[in-house]
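**Student:** Sequence:
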Amino acid sequence: MNDASFDASKGALRLASASLAGMALKELPEQERPQTLEQGYAVQAAFVDRLEEGVAGWKLAGASPRGLRGELPNPPATGVLIPSRVVQSGAVVQLPAGRSATLEVEVAVCFSRTVSPRDEAFDAASMIEYAAVAVEVVCSRFLDRKAVGQPSFIADNVGFHALVLGGKLNQAGSTAFEKDAALWRDGERIANFLGGSDRTMPYLSLGFLWNKLAAQDREIVEGSIVTTGTVTVPVDVCGSGHYEARIGATGLAFALAQ
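In terms of this note's numbering, the sequence shown opens at residue 146 and continues consecutively.
Calculated from the structure, these hints are not laboratory results. Keep in mind that the hints are not guaranteed to be accurate.
Pairs of lysine-lysine, DSBU-like flavour, derived with a Cα cap of 35 Å [as the list claims (entries may be wrong)]:
1) 171 with 357
2) 357 with 324
3) 291 with 155
4) 357 with 155
5) 357 with 313
6) 155 with 171
7) 357 with 291
8) 313 with 291
9) 324 with 313
10) 324 with 291
11) 171 with 291
Make a model of the complete structure from these sequences and hints.
**Tutor:** Right, here's the structure in full:
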């Protein structure tokens, strides 16, 4: 099945229904299953439309320096931030019953004005209102997101479940983004910082999204949030708990509940 003849609507409806009901799928039926990355993004767009919330911004996955050089099994990927799932420090994030989640400490940025990546070069000083510590909560609509393949994972909005936003980071230079980063659960440190080419460099990562939106002639509207990818080792968790994340001395806190 080529991209032109692929019908993204049925897979999108199935994913949206699973998301709203808190259900988990083994996989999409063969006739609904994307076979290429392009088909995966088509299902993702239709899935997001089905949720009828609009777009709060974007998430990046696998866009570390290694990922951008093509040294990981899958290329970098983008997903959409759903407005009701972007919350502030102190929030309680509800997980579907019986499901686990993957937590990643990240740097998120907020755009101070509407920009056109096709027509403008990225300039943090004039475009970014703030950068903040964030934690992405990944909880796929699939029982095993790694088993279904990258096109289906992209269709599933790259597993996005929630984004918790915390304290603001100093943007003067990149050193604030390079400080020690970690995640704690109920006072126990459970995830340490990534180093070298495995650690996301936020503005380098953002360049991947910038180029993609430029090719699509899409704008980034004022107030959009982009979370740029993990700076800590991703950690799988299950059940309820209280969490704290920090990059340097700047942090956030939240709880997971089931």
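**Student:** Hint by hint, say whether it matches the structure.
**Tutor:** Do the hints match the structure? See the list:
no. : hint         : in the structure
1   : 171 with 357 : 30 Å, holds
2   : 357 with 324 : 29 Å, holds
3   : 291 with 155 : 22 Å, holds
4   : 357 with 155 : 26 Å, holds
5   : 357 with 313 : 27 Å, holds
6   : 155 with 171 : 16 Å, holds
7   : 357 with 291 : 24 Å, holds
8   : 313 with 291 : 33 Å, holds
9   : 324 with 313 : 14 Å, holds
10  : 324 with 291 : 30 Å, holds
11  : 171 with 291 : 11 Å, holds
The earlier numbered hints are all upheld by this structure, with none contradicted.
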